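Visitor: In case you want the letters, here they are:
There are 6 protein chains.
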Amino acid sequence: MIYIQRKERFSAAHQLYNPQWDEAKNDEVFGKCANKNFHGHNFTLTVTVKGEINPDTGFVMNLVDLKHIIKEHIIEAVDHKNLNHDVPFMKGKFTSTEVLAMEFWKILQPLVRDFGAHMHCVRLDETENNSVEYYGD
Amino acid sequence: MIYIQRKERFSAAHQLYNPQWDEAKNDEVFGKCANKNFHGHNFTLTVTVKGEINPDTGFVMNLVDLKHIIKEHIIEAVDHKNLNHDVPFMKGKFTSTEVLAMEFWKILQPLVRDFGAHMHCVRLDETENNSVEYYGD
Amino acid sequence: MIYIQRKERFSAAHQLYNPQWDEAKNDEVFGKCANKNFHGHNFTLTVTVKGEINPDTGFVMNLVDLKHIIKEHIIEAVDHKNLNHDVPFMKGKFTSTEVLAMEFWKILQPLVRDFGAHMHCVRLDETENNSVEYYGD
Amino acid sequence: MIYIQRKERFSAAHQLYNPQWDEAKNDEVFGKCANKNFHGHNFTLTVTVKGEINPDTGFVMNLVDLKHIIKEHIIEAVDHKNLNHDVPFMKGKFTSTEVLAMEFWKILQPLVRDFGAHMHCVRLDETENNSVEYYGD
Amino acid sequence: MIYIQRKERFSAAHQLYNPQWDEAKNDEVFGKCANKNFHGHNFTLTVTVKGEINPDTGFVMNLVDLKHIIKEHIIEAVDHKNLNHDVPFMKGKFTSTEVLAMEFWKILQPLVRDFGAHMHCVRLDETENNSVEYYGD
Amino acid sequence: MIYIQRKERFSAAHQLYNPQWDEAKNDEVFGKCANKNFHGHNFTLTVTVKGEINPDTGFVMNLVDLKHIIKEHIIEAVDHKNLNHDVPFMKGKFTSTEVLAMEFWKILQPLVRDFGAHMHCVRLDETENNSVEYYGD
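Residue numbers (my numbering), protein chains in the order written: chain C, 869 to 1005; chain B, 869 to 1005; chain E, 869 to 1005; chain X, 869 to 1005; chain Z, 869 to 1005; chain A, 869 to 1005.
Heads up, a few of these hints could be off.
Copies of the same chain look alike in the list, so a pair counts if it fits in one copy or across any two.
[Unchecked claim] Here are the simulated DSSO-like cross-link-like pairs (lysine-lysine), alpha carbons at most 30 Å apart as the crow flies:
1) K939 with K959
2) K918 with K904
3) K959 with K974
4) K900 with K918
5) K974 with K939
6) K893 with K935
7) K893 with K961
8) K900 with K935
9) K974 with K961
10) K939 with K893
11) K904 with K961
12) K935 with K918
Hints in this document: simulated from the structure, not taken from any laboratory. None of the values given here were measured: they were computed from a predicted structure.
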């Protein structure tokens, strides 16, 4: 078993808030992240895939294929978008890095399996100091 | 003459568009940056100040003072904000990195002069690949 | 289960030596790190916490809270300090990154638990090439 | 148990191809990596070693020793080399990062054991976006 | 006058040698860079362009256009190539970073001028420690 | 004229204080940098040299030579040292980055000239946010 990683980037706006709370409660919990005019980040997405080495290629899977999967199914949907309003799979969900990472995992898992590999980790860096890692259930 | 630099960061949303153009023209010129629901970035602001070394301190000016000036007068105003809607000094202006850098310069120049130093450069990195530098007129 | 990370930095002086050895033995084992006038580093501390996502916030715990815990209980104690002389919880201990990481874990574990999360890893980078990770017992 | 890491770098040329395939098939599978005149990278090698803390030093093992092992046994063999032609332990093997990481592990494992520690991970970054991790069998 | 920068990357093989010298002299001057089987790097190319701000866009020139120019005219020609054998504009020239930067400048200068801007600097990083900057004649 | 850069690193302890001031005044001006037990940093030193390209090598000067000059004459003197007590050329001087950069310039200038090149800039990064640049008189 060996692990390969591909890193991609996207820039997006978002707002953290709970629609069941009033503005004061949202401000108290989410602070400046609750700004109703949105703020934004350069996000870095790192996808780790695991599998056996293919004896014909020396690869677990071709990182060019992994790059294309991530770009087509994730980056296209989120880059230069508003995560609260423009992204179908985030509708009605918190746009925290935790939830984003879990939603990205759900999208990527079957696609990676089609290449004979298995998802290991979705990592999402929101700033150079804040990040999240999800390894599936 | 010696040059000292301080780097600070902020995360903000913005939209690039010309209000005198229709949506099609804005999309043509600004592409995905014209998204009307905004997108965002982690911006890195690097301020370079020049001056003589103070013989009592070995400093051009104390970088702690430069940090406080930048934080109080720039970062407070733009961090976790929408650059098109929440920032008084950007009202009615393009929120391109070029214009942001020039507006930051105007704010910082008199404040730095009060510490016996002179502005040399405002650098603003919008992504790890795109940046701008302004050295004054 | 999902993992969130917060990175903080501190700058400190230290010396590696075993007080039960003479200077020659210390120099042999610790090399230039045994310099009795001290040397120093910019340390990067990365704390990883794990837990379930809170359905009211989309967070494992608020990274702002994790930041405050780390700053108040670790960074305050070690930043711009001499790790051999100025830090109560390091008294009589080696100031290697291994021991530092383990001591930081002991301090952070109960504090993180108060926020309903669990410590997963303390990582400490001493230089861009040397680092340590501790995952508890 | 605690984990320590040492990062080293090397620059090398390589070509990805399967000698049992014709040029068209190699181009189809390996794309521009199949260029028969070679291409190259700055590789970053990160070796993680685990063990107990030595009560006489506060170290798992001295990172200076780990640095010397990596430099003498890996970097000397691969830096400024052609991985397909100049490196004895890669003869007849794919020079993918996956295979390189596994071969580096085989070389390092007994050497690290001589210092009372155990190999945990070999990580190899080929570009800032592509990397591999191997944790042994 | 304001300066904007775009960073692109490429991976290539090369060899440093003077064909008028014998192998011993090449080894003496170029050391391990003279390896006749080539070595390689991940190069980072940073292009700085200067100009006035366009009052209709807030841009000196659109960085998307600068990106396309660099990708089409430079990166296409050098990425995953052997700089000594595969690149028409480097034929018969040293493939040092100095010469590469000057050749890149010659190609980019007229293309940037077509967008109403002016070349300011070509920077080429060969490793994280070695780089070159060229500002024209 | 073309510019080449070499980056080297060192780790050192220091204290900022003016011996003609009492402790209260030192604390007021230098803050936590005045800690009498010292603190420390990983410093990054970037030396930029300018010159014409040598037609026999394609180099301004060999970066391997520049590396050796910097390592032998600067890094040897300051790495894992106390800048206030262990470094002959800093005796009686402030150990601010400004003064360090100017002293490094004085040492490097004649050495670089012996290789037919000219000093352009000494840059010293003390943390990832604070740095200084000196271009000579």
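Visitor: Decide, hint by hint, whether the structure agrees.
Guide: Against the structure, the hints come out as follows:
no.: 1; hint: K939 with K959; result: within (20 Å within a copy, 35 Å between copies)
no.: 2; hint: K918 with K904; result: between (40 Å within a copy, 29 Å between copies)
no.: 3; hint: K959 with K974; result: within (15 Å within a copy, 40 Å between copies)
no.: 4; hint: K900 with K918; result: between (38 Å within a copy, 24 Å between copies)
no.: 5; hint: K974 with K939; result: within (15 Å within a copy, 33 Å between copies)
no.: 6; hint: K893 with K935; result: between (40 Å within a copy, 21 Å between copies)
no.: 7; hint: K893 with K961; result: within (18 Å within a copy, 33 Å between copies)
no.: 8; hint: K900 with K935; result: between (34 Å within a copy, 15 Å between copies)
no.: 9; hint: K974 with K961; result: within (14 Å within a copy, 35 Å between copies)
no.: 10; hint: K939 with K893; result: between (37 Å within a copy, 25 Å between copies)
no.: 11; hint: K904 with K961; result: both (16 Å within a copy, 21 Å between copies)
no.: 12; hint: K935 with K918; result: both (15 Å within a copy, 28 Å between copies)
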